[in-house]
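Protein chains: 2
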Amino acid sequence: MKHIGLMLGGPEELWPAQLASDIDAPITAWVGVDRGSLRLLERGITPVTAVGDYDSLKPAERHRVEHAVHDMRYAPPEKDDTDSELGLQVAFEDLRADAVTIFGATGGRLDHLLVNLFMMAEPRFKAYAPHIAVVDRQNLIRFFLPPAQLVWPRTGYPYIGFVNLTPVTDFSIRNAKYPLMPFASDYPVSWASNEFLGEQPIQILFSKGIIAGIYSKD
Amino acid sequence: MKHIGLMLGGPEELWPAQLASDIDAPITAWVGVDRGSLRLLERGITPVTAVGDYDSLKPAERHRVEHAVHDMRYAPPEKDDTDSELGLQVAFEDLRADAVTIFGATGGRLDHLLVNLFMMAEPRFKAYAPHIAVVDRQNLIRFFLPPAQLVWPRTGYPYIGFVNLTPVTDFSIRNAKYPLMPFASDYPVSWASNEFLGEQPIQILFSKGIIAGIYSKD
Chain A
1 MKHIGLMLGG PEELWPAQLA SDIDAPITAW VGVDRGSLRL LERGITPVTA
51 VGDYDSLKPA ERHRVEHAVH DMRYAPPEKD DTDSELGLQV AFEDLRADAV
101 TIFGATGGRL DHLLVNLFMM AEPRFKAYAP HIAVVDRQNL IRFFLPPAQL
151 VWPRTGYPYI GFVNLTPVTD FSIRNAKYPL MPFASDYPVS WASNEFLGEQ
201 PIQILFSKGI IAGIYSKD
Chain B
1 MKHIGLMLGG PEELWPAQLA SDIDAPITAW VGVDRGSLRL LERGITPVTA
51 VGDYDSLKPA ERHRVEHAVH DMRYAPPEKD DTDSELGLQV AFEDLRADAV
101 TIFGATGGRL DHLLVNLFMM AEPRFKAYAP HIAVVDRQNL IRFFLPPAQL
151 VWPRTGYPYI GFVNLTPVTD FSIRNAKYPL MPFASDYPVS WASNEFLGEQ
201 PIQILFSKGI IAGIYSKD
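Taken in sequence, the protein lines are chains A and B.
Using full-length UniProt numbering, you'd call the opening residue of the first sequence number 1 and step up by one each time.
Using full-length UniProt numbering, you'd call the opening residue of the second sequence number 1 and step up by one each time.
It is worth saying that the hints were derived from the structure and are not from the lab.
Some hints could be false.
For chains that are exact copies, the list does not tell them apart, and a pair is met inside one copy or across any two.
Capping the alpha-carbon separation at 27 Å, the derived lysine-lysine pairs in DSS-like fashion look like this [stated by the list, open to error]:
1. LYS58 with LYS177
2. LYS208 with LYS58
3. LYS177 with LYS2
4. LYS58 with LYS2
5. LYS177 with LYS79
6. LYS79 with LYS217
7. LYS58 with LYS126
8. LYS217 with LYS58
The model shown is predicted, which means the values in this text are computed figures rather than measured ones.
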């Protein structure tokens, strides 16, 4: 399985304690986005590909990235896509990833974090969404497509929140501490702090759109 | 003007360098939510009111809060509202705030952060939304209601992103580096990394829903 780690520019203090501790399979290759490439090099990890406009890097930092990374992708500074969208596209479409785990998505610019969540609802990324995780020190996000999904507990995460990233008309949560009867909303609602019933999976049902499941710990 | 600072439980390293540096008016009183109350006390600030179920505090920490804060509000651990929703309600409805600035909303649990953004779209909070700011080390979020708003530049924030928290049919951005022609989407889109034209305000137009404006810096 080709499992790509996509490192964005968010601060290191919000990364998971062990970069590969909370994921299901080992990372087989890394892609760095903007300052994320430099952060990987500082940890002794050389990304196979670097993506970005690199405008947040000083010349010496940029030179270090260019010297170390063979496959440099230069995005124009004025572009429609964010660097993280480009990184995700490169990971799936050029590098043919089976799964992508995104690091460094939090603690930085919130407009970027929200891109990273909401881009899963874009038609071009929707098919990839179930194969993407976003991880930081306290959270692990998965994305679910209709009509019905089992959401399994994960060791170390006592809470699970669900967010309808898109409008829903019949979203329900079953077999959870706080079940949700079929629910409708034309905007996102964050159903925070739900909990699993022991080792049993929660079941979510919905007929369209996309739901984010946020595993978290205090 | 009664300007309440609402301190949530997110980590201190993501707070603004000076707690009151990026806001428009001095904080006249503080409300602490859960661990936020303890964090304020550690900075020598005594909140007028503490809100939460305090289940993330050790007994000695909880005792310290109870000893210092006169107005303690105890939320049941199993409740429909999150602690930050309760804090916002107390600030506006009981303490009659004219404005609320929220700190400590980022870097912690993402289901909570998303509650803090999306609750502005709830009917009960919508009228308050234009009087609320969310601030951290790199971001300042304001909330805008229809039909047309001027969004002014702020010193120190080179970027401005816009997110339709609700469906939009005719959202446009004018007088910005990247104008947006009337745009429709039934889910949120994060229009990241826009910029002001010098000292001029950006104009946003939309007929319903609520738009978040995220000022940010690298």
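Here's how the hints hold up against the structure:
no.: 1; hint: LYS58 with LYS177; result: between (50 Å within a copy, 24 Å between copies)
no.: 2; hint: LYS208 with LYS58; result: neither (45 Å within a copy, 43 Å between copies)
no.: 3; hint: LYS177 with LYS2; result: neither (35 Å within a copy, 39 Å between copies)
no.: 4; hint: LYS58 with LYS2; result: neither (32 Å within a copy, 43 Å between copies)
no.: 5; hint: LYS177 with LYS79; result: between (44 Å within a copy, 12 Å between copies)
no.: 6; hint: LYS79 with LYS217; result: between (36 Å within a copy, 18 Å between copies)
no.: 7; hint: LYS58 with LYS126; result: neither (35 Å within a copy, 42 Å between copies)
no.: 8; hint: LYS217 with LYS58; result: between (36 Å within a copy, 16 Å between copies)
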